[in-house]
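**Student:** Sequence:
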Amino acid sequence: MPKASLCLDCRRCVASCPRRALVFQDGEPGASQHECLFDGHCHGIIQVPSQLAKVKAWLMDGCEVAVSLAPSYTVLAKEPLRIVAALRKLGFCWVEETISVLEETIQSRICQAERMGGPVFSSSCPTVAALIRRDFPHLLRHLSPLPSPMVAHSRILREKLGPGGKVVFIGPCHAKKREAAVEEGAADGVLTFTELFAWLADEGLQLDLLPEEMVDGYYEPTSRIGLLAMTASGLDRCQEYLEAFRPEEEGPRVIELLACPGGCLYGPGMPPLEDREMILLDQLNREGGT
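Read left to right, the sequence shown gives residues 0 to 289 (numbering that gives the first Met the number 0).
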């Protein structure tokens with residue numbers, strides 16, 4: 000949040016929120032805990048507290064700290080596996096992709112949809128889950144009670160680490176910070192990719208000078224589960240979809256709604272858009288894409 004001494008009372012922060020969740024209390028801007036969906040619209044205007052200091056403290060104290068790495072890291076560098084090497088340089092003992100639990104999670108949701116005889120909304124996006132709970136309580140029975148991939152993966156990593164180990168999720172999403180705070184067994188800490196890259200810069204770690212290193216564990220899709228699901232992105236579009244949703248109509252079994260327009264690749268914790276698009280184009284060219 001802006002410091003009261005620096006606030007000019009311009010109300011720019013209030014105007015930035017389409018949900019009208021930002022209010023002034025005692026002359027200071029703040030977010031209504033009931034109204035705020037952590038959708039990131041106020042990113043750059045309202046400061047989201049960073050958890051970097053406590054993550055650094057765990058590493059300094061010699062804790063075993065594992066990383067659950069969001070799949071969108073692959074568009075952050077021309078050779079994204081250099082990011083894995085950088086994380087190990089920072090002191091993380093285990094680096095695994097969050098996506099390693101994705102297929103199992105979706106398969107479980109498909110089974111859940113078959114049992115209940117209707118479609119299931121994924122709980123992967125905490126902002127959409129909060130939107131359903133707040134504005135569409137009649138659809139709660141269709142919101143999957145299964146943990147999100149971040150929570151499920153954090154629980155698996157914690158079992159690998161044993162007592163005293165810590166799990167840190169690193170991804171493009173500020174909303175994961177709130178999810179981690181309220182969901183049992185979720186990550187102990189959450190960093191955005193923007194925070195990670197600032198940390199790397201502070202440590203003088205240059206990706207171009209690091210080798211490529213494989214992630215721990217291994218993930219390879221084994222089925223075409225995408226054919227059973229549909230995805231929509233952007234909070235306004237999600238709202239429209241939920242308003243028009245009729246569970247009795249024929250449709251996909253699993254519905255993945257994502258608050259950020261364009262999905263997680265465009266989350267508020269990602270670096271500038273131009274950088275991502277240049278990296279994507281470079282990767283497509285090297286792979287023979289169009």
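If you're looking for bench data, these hints aren't it; they were derived computationally from the structure. Worth double-checking, as some hints may not be accurate.
Mimicking BS3-like on lysine-lysine, the simulated pairs with C-alpha atoms at most 25 Å apart in a straight line are [stated by the list, open to error]:
hint, residue 1, residue 2
1, K55, K159
2, K77, K53
3, K77, K88
4, K159, K77
5, K88, K159
6, K53, K88
Owing to the predicted nature of the structure, the values given are computational and were not obtained by experimental measurement.
**Student:** Of the numbered hints stated earlier in the document, which are not met by this structure?
**Tutor:** 2 and 4
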